[in-house]
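S.K.: Here is how the chains run, residue by residue.
Protein chains: 2
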Amino acid sequence: MGNDCIFCKIVKGELPCSKLYEDEMFLAFLDLYPVKKGHALVIPKEHYETIFDVPENVLEKYLSVIKKVAVAVKKGTDAKGINLAQANHKAANQAIPHIHFHVIPRDEGDGLGSWPQGKYEDREMDEFREKIAEHI
Amino acid sequence: MGNDCIFCKIVKGELPCSKLYEDEMFLAFLDLYPVKKGHALVIPKEHYETIFDVPENVLEKYLSVIKKVAVAVKKGTDAKGINLAQANHKAANQAIPHIHFHVIPRDEGDGLGSWPQGKYEDREMDEFREKIAEHI
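These protein sequence lines map, in sequence, to chains L and V.
Numbering follows numbering that gives the first Met the number 0, in which position 61 of the first sequence is assigned residue number 60; successive positions increment by one, without gaps.
Numbering follows numbering that gives the first Met the number 0, in which position 118 of the second sequence is assigned residue number 117; successive positions increment by one, without gaps.
These are calculated hints, taken from the structure and not from any lab test.
Keep in mind that a hint or two might mislead.
No distinction is drawn between identical chains; accordingly, a pair holds when it is met within one copy or between any pair of copies.
In silico lysine-lysine, DSS-like type, Cα no more than 27 Å apart, as pairs [said to hold, decoys possible]:
| # | residue 1 | residue 2 |
| --- | --- | --- |
| 1 | K18 | K67 |
| 2 | K11 | K79 |
| 3 | K89 | K118 |
| 4 | K118 | K60 |
| 5 | K44 | K89 |
| 6 | K74 | K60 |
| 7 | K8 | K35 |
| 8 | K89 | K35 |
| 9 | K67 | K44 |
| 10 | K74 | K35 |
| 11 | K36 | K118 |
| 12 | K36 | K89 |
| 13 | K60 | K44 |
| 14 | K35 | K130 |
| 15 | K79 | K18 |
| 16 | K130 | K44 |
| 17 | K79 | K118 |
| 18 | K118 | K74 |
| 19 | K67 | K118 |
| 20 | K60 | K8 |
| 21 | K35 | K18 |
The model shown is predicted, which means the values in this text are computed figures rather than measured ones.
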């Protein structure tokens, strides 16, 4: 566990949180700085920086807990939709280096946009496919 | 399976895709309209509209496949970070009603921002916590 990790301190009870759910492996609480009110975070209690560090036995339970929290956020805020989001490394806007899934309630016309989409030229898509697929 | 579902047609081989990975339960391919080149999608082969419809036996394998694809996207594009994103219902900007996780490669200064964050007033955070937690 990281001694200076805010989320580890929350897990250990050294910092408070607005707790929504807890089991042996996971903790869910409200984000202090919500994109929309009701915005929740779901973390494993063990300290893993990114998804690349999370072992199989945690991965296989994580999404089920995220779903459970998403159901509750949707019902509790009467939202019309839910976004899940998760950032790995600073380049992806990860602020706290302890993996966390964001569960964000959404409504029609709430003003939260999507990133603009581009397209591939000529054989570029095949080139990207080949470069990525060789690592799987 | 939805007869008119684009992703079901890809699964059945009726539409082409830039395939990155396939197993018995999941398929990963490049998004035709990438936020950044190398942007991948990971779907279950069965048709489920949102995460709320996905059963436990699929949930428990899904994140491991997403991680596998994320590792490959990061290596194959030489990215410095990875975002995972998943939208449920139109209000959350879900475009195709067959659940898909986005795997998006990121680099410092690539211009993809985060949604602005707000805060709670007075007892508002407790009120949201109570309304959500009662559904878990």
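S.K.: Take the hints in turn and mark each one as holding or not.
M.R.: Do the hints match the structure? See the list:
1. In the homo-oligomer, the alpha carbons of K18 and K67 lie at most 27 Å apart inside one protomer (14 Å), although the nearest pairing across protomers, at 31 Å, exceeds that limit.
2. In this homomeric assembly, K11 and K79 never come within 27 Å of each other (Cα to Cα): the closest approach is 34 Å inside a single copy and 31 Å across copies.
3. Proximity of K89 to K118 under the C-alpha cut-off of 27 Å is found in both arrangements, the shortest distances being 25 Å within a copy and 23 Å between copies.
4. With identical chains, the CA atoms of K118 and K60 are never at most 27 Å apart, being 35 Å at best within one copy and 30 Å at best between copies.
5. For a Cα distance limit of 27 Å, the shortest separation of K44 from K89 inside one copy, 21 Å, qualifies, whereas the shortest one across copies, 32 Å, does not.
6. Taking CA atoms no more than 27 Å apart as the test, K74 paired with K60 passes in both settings, with 22 Å inside one copy and 26 Å between copies.
7. In this assembly of identical chains, K8 and K35 lie within 27 Å of each other by CA distance solely inside one copy; the values are 24 Å within and 35 Å between copies.
8. Taking the shortest alpha-carbon separations for K89 and K35, both the intra-copy value of 22 Å and the inter-copy value of 17 Å come in at or below 27 Å.
9. In the homo-oligomer, the alpha carbons of K67 and K44 lie at most 27 Å apart both inside one protomer (17 Å) and across protomers (22 Å), since each shortest distance falls under that limit.
10. With identical chains, the CA atoms of K74 and K35 are at most 27 Å apart within one copy only, with a shortest distance of 14 Å there and 33 Å across copies.
11. Taking the shortest Cα distances, K36 and K118 sit within 27 Å of each other only across copies (8 Å), while inside one copy they are farther apart (34 Å).
12. In this homomeric assembly, K36 and K89 come within 27 Å of each other (Cα to Cα) both inside a single copy, at 24 Å, and across copies, at 19 Å.
13. In this assembly of identical chains, K60 and K44 lie within 27 Å of each other by CA distance both inside one copy and across copies; the values are 13 Å within and 20 Å between.
14. Proximity of K35 to K130 under the C-alpha cut-off of 27 Å is restricted to the inter-copy arrangement: shortest distance 15 Å between copies versus 38 Å within a copy.
15. For the identical chains of this complex, K79 and K18 are intra-copy neighbours only, at 23 Å inside a copy versus 32 Å across copies, given an alpha-carbon limit of 27 Å.
16. With identical chains, the CA atoms of K130 and K44 are at most 27 Å apart between copies only, with a shortest distance of 24 Å across copies and 35 Å within one.
17. Proximity of K79 to K118 under the C-alpha cut-off of 27 Å is restricted to the inter-copy arrangement: shortest distance 21 Å between copies versus 30 Å within a copy.
18. When the C-alpha separation of K118 and K74 is checked against a cutoff of 27 Å, the pair qualifies only between copies, where the shortest distance is 21 Å, while the shortest distance within a copy is 37 Å.
19. Within a single copy, K67 and K118 get their C-alpha atoms only as close as 35 Å, which misses the 27 Å cut-off; across copies the closest is 24 Å, which meets it.
20. Proximity of K60 to K8 under the C-alpha cut-off of 27 Å is restricted to the intra-copy arrangement: shortest distance 22 Å within a copy versus 30 Å between copies.
21. Taking identical chains as interchangeable, the C-alpha atoms of K35 and K18 lie at most 27 Å apart only when both belong to the same chain, with a minimum of 17 Å there against 35 Å between chains.
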